[in-house]
Amino acid sequence: MQYISSSAKIGENVSIGYFSVISDNVTIGSNVTILNGVTIYQGTTIAENVTIESNAVIGRQPRPAKTSTIRITNTLMPTQIGLGTIVGAGAVIYAGSITGSYCLIGDRAVVREKCTIGDYVIIGTGSIVENVVEIGQKTKIQSGSYITAYTTIGESCFIAPMVTTLNDNFMGRTQERFKFIKGADIRNGARVGGGSIVLPGIKIAEESFIAAGAVVTKDTLPEKVYKGLPAREFRAVPVHELLEGEGN
Amino acid sequence: MQYISSSAKIGENVSIGYFSVISDNVTIGSNVTILNGVTIYQGTTIAENVTIESNAVIGRQPRPAKTSTIRITNTLMPTQIGLGTIVGAGAVIYAGSITGSYCLIGDRAVVREKCTIGDYVIIGTGSIVENVVEIGQKTKIQSGSYITAYTTIGESCFIAPMVTTLNDNFMGRTQERFKFIKGADIRNGARVGGGSIVLPGIKIAEESFIAAGAVVTKDTLPEKVYKGLPAREFRAVPVHELLEGEGN
Amino acid sequence: MQYISSSAKIGENVSIGYFSVISDNVTIGSNVTILNGVTIYQGTTIAENVTIESNAVIGRQPRPAKTSTIRITNTLMPTQIGLGTIVGAGAVIYAGSITGSYCLIGDRAVVREKCTIGDYVIIGTGSIVENVVEIGQKTKIQSGSYITAYTTIGESCFIAPMVTTLNDNFMGRTQERFKFIKGADIRNGARVGGGSIVLPGIKIAEESFIAAGAVVTKDTLPEKVYKGLPAREFRAVPVHELLEGEGN
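Top line first, the protein sequences correspond to chains A, B and C.
The first sequence begins at 874 in our numbering and counts up by one.
The second sequence begins at 874 in our numbering and counts up by one.
The third sequence begins at 874 in our numbering and counts up by one.
Hints are computed from structural coordinates only; laboratory data are not their basis.
Warning: the hint list may mix true and false statements.
For chains that are exact copies, the list does not tell them apart, and a pair is met inside one copy or across any two.
[To be verified] Mimicking BS3-like on lysine-lysine, the simulated pairs with C-alpha atoms at most 27 angstroms apart in a straight line are:
1. 1091 <-> 1055
2. 1055 <-> 1097
3. 987 <-> 939
4. 1052 <-> 1097
5. 1097 <-> 939
6. 882 <-> 987
7. 1055 <-> 1076
Please take these sequences and the hints and turn them into a complete structure.
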């Protein structure tokens, strides 16, 4: 009651649920648990100790619309899921993306193609990570957040729930916009509050703290708190709350 | 390893993945690709050259709760998916909705019943389009946006990521509200910025540009930029960024 | 073309779709309809007259990441789905949660572990209800909203679409934060407008009305309307719009 390609390589102590599909040339390490209704597309590599919950889809090819901005220009590497990572129910991870070790990709989260995700990263329930995003280790993206294409997020960042990041000030109009499309550049230890909005190309400096509901229209300074619409500097982040502070 | 009803009509060169279900009286055109774990409910029509990614659900019947505002009053037409349209992984399209040709319905997007979607429309990843929504051709709705019931969106509009539209100023209270429930009326070429909020019954005029994070509480004027909470007129949209401008 | 454990107890007049999985010790009442590709994990109890749409996942165990805040400390009760409840396509309900009778859990909604949901509750399409949330009867949570862990919502509340609730002012930093993590306390009859944001530990009083797009940073007073960033008191809720008003 599964389909497992004869060219798939399956490690020891692997459990594959009902009605799951393991396609050609997939490699699955030892001690992997795959639940029901999962599809793993061809060439995907799953490291040891990974868990993939029901109805997840791994290694899906991008398939742009005729009017999509994105073009498929070169061949994608196969998807790689790192050691001990957990992929949630109904999550979708595209071809050409790599997760580090011990990541959590939440239920119904989507990670598009050409993303690189460091070790110990959490992508929350229902979050969307568009194409060509880099996320450093130990960063947490909470539930329902939207990470636009071409975003860079450093290490030990915290993206709270329902955050919006943007990359196109021209909103789909003019050919000129292609020169300017740019996601956020969120530096190590920065924290972006719930429901806040980060405009295209903004740099959020190291250890900046963006309050919930802020709309960030200008680059921020390190270790400062911002709030409001548009976001303005408000105060310094307390020393004991910095990454090198006590108890962190 | 599929279930295909004997009353389904399947065109030439159709590929149907593992553990997919094609119900009674479904019609599938030639050169259609259906991936794994897909359900297509009865009577649905799929035109030629369509692709349906894994775990999509097409033609689902609405089934309101006892306390839902919506009532099912008449029979729904079968779902129609237009020529060359792509339906993403885990997307759900209800009975009684029609997509045009060459649309892209993103992964995990939901399109409810009685929607009419024009040609070349993009509905982004995880977006929700409620019942009785009309969307004109070449309009793009980006990832994570919420289009409330009874919304009308014109042609060549751009709805950025994580936009919220609303239709009920009474928030579920009073019987009187049913007279006033009204979605947005978004006219041709209008653009609505990321994370912005459009209040019930608002008209966004032709080629209006709503900045990211704005809360639109009044009707807008054509070719004007609005921003803030509440949104206020800020400047004109530059002529070269209009639909008839150079390079568009 | 299903998998049904021999230890499952199935009532009369139960319909189970293609490629669905009913695990060990599941109990399903009479007149239940389960569509295609559904997984129901072990020990789950489904009451009579329930409908579960395609690709829903019921009774999923939590599986925190190495860096998750949440810890699994005790055994979870099996999931219980109440009489006449409808569970949408692709929805995920965790082990240890209970829904009342006649609830609607929308398509792609996620309800985490240890939640208690009263009778006649609606959880909208794509909404996320995190762990340890209590929701009183007749409350409606509209599409795309995010209910953070440890939130309490009373009876007959209305949470509009795309609302964000938060529980951690420290955004994942300091050990001290664990003492202060606290969701919203939303009292009977309160209404929270579309796209608004409720900060950690805020009490929204009985029958308060939060306008769309507000950012609620302080506790509110009963029967008052709030709007803005930060939200400020604006006027009283009209008497005829209160729960005991005419026509309600």
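request  = Give the relationship of residue 1091 and residue 1055 under a CA distance limit of 27 angstroms: within one copy only, between copies only, both, or neither.
outcome  = So residue 1091 and residue 1055 pass the 27 angstroms test inside one copy only (14 angstroms; across, 31 angstroms).
ask   = Between the shortest in-copy and the shortest cross-copy C-alpha distance, which are at most 27 angstroms for residue 1055 and residue 1097: within, between, both, or neither?
value = Both: 23 angstroms inside a chain and 24 angstroms across chains, each within 27 angstroms.
request  = If the cutoff is 27 angstroms on CA atoms, where do residue 882 and residue 987 land: within, between, both or neither? Let me know, please.
outcome  = Within one copy only: 24 angstroms inside, 38 angstroms across.
request  = At 27 angstroms max between alpha carbons, let me know whether residue 1052 reaches residue 1097 within a copy, between copies, both or neither.
outcome  = between (31 angstroms within a copy, 24 angstroms between copies)
ask   = Given identical chains, is residue 987 near residue 939, meaning Cα to Cα at most 27 angstroms, within a copy, between copies, both, or neither?
value = both (20 angstroms within a copy, 25 angstroms between copies)
task = Pop the pair residue 1055 and residue 1076 into one bin, within, between, both or neither, using alpha-carbon distances up to 27 angstroms.
result = Classified as within: same-chain Cα gap 10 angstroms, cross-chain 30 angstroms, threshold 27 angstroms.
Intra- versus inter-subunit Cα pairing at 27 angstroms for residue 1097 with residue 939 = neither (43 angstroms within a copy, 29 angstroms between copies)
Comparing the model with each numbered hint stated earlier shows that hint 5 is the single one that does not hold.
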